[in-house]
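Could you build the full structure based on these sequences and the hints that come with them?
These protein sequence lines are chains A and B, in that order.
With my numbering, letter number 52 in the first sequence gets 52, and the count goes up by one each step, no holes.
With my numbering, letter number 70 in the second sequence gets 70, and the count goes up by one each step, no holes.
Derived from the structure by calculation, the hints contain no laboratory data.
This structure is a prediction, so every number in the text was calculated from the model and none was measured.
Some clues are possibly wrong.
[What the hints assert, rightly or not] Dumping the calculated DSS-like pairs for lysine-lysine here, alpha-carbon to alpha-carbon at most 30 Å:
id, chain 1, residue 1, chain 2, residue 2
1, B, 27, A, 68
2, A, 22, A, 71
3, A, 42, B, 44
4, A, 58, B, 51
5, B, 51, B, 71
6, A, 58, B, 44
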Amino acid sequence: GENVEQHPSTLSVQEGDSAVIKCTYSDSASNYFPWYKQELGKGPQLIIDIRSNVGEKKDQRIAVTLNKTAKHFSLHITETQPEDSAVYFCAAIYGFGNEKLTFGTGTRLTIIP
Amino acid sequence: NAGVMQNPRHLVRRRGQEARLRCSPMKGHSHVYWYRQLPEEGLKFMVYLQKENIIDESGMPKERFSAEFPKEGPSILRIQQVVRGDSAAYFCASSPGTGGGRRTQHFGDGTRLSIL
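Written out as structure tokens, the structure is:
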């Protein structure tokens, strides 16, 4: 089955700086890669996603890049703000007709004011 | 447009009792997924359902766990004869199943199950 690894497990950045979180996946047939933000006591909230036929996607301060050859994808947050502090999860779906998300182990992001 | 609704938010059970967790998907969504999250860990897939059908239950423990999504009403995750190891946060997600965002899963805020 699919396996997703996520690094780093914790990340602290100064407010205004950029944060980068990286994930690798094992199965080359994976074709959908969402990123979720989870705040304490809440469910995961989708912040951006990318499909395997696209190399990069951007939404305001958030961007995701995908390298299918290397089987890794990254989340980039620019101009970080205190409200960006949360746990971030990457995930992957393998193939079509299989809709279960395989999650990474999460990155706890702390923005230092 | 209400999001995915889960209840109860917190559930306490004694060992050996039954736990029933409910999930109402977003309006217009016909696909429901259940995931389990242990403390300080990522979410693990349990089961994927459409109305009246279990599509993929490869993540469900073989015993004591069952799920349903009836024609009318919410999806139910049922855990019989609970044990301490069942303590976790259980999250439900839903997706439209059709259209451009058909694969996008939206999550509820979960049910935190504690076993005494």
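Just pull the numbers of the violated hints for me, sorted ascending. Per hint list: 1 and 4 violated.
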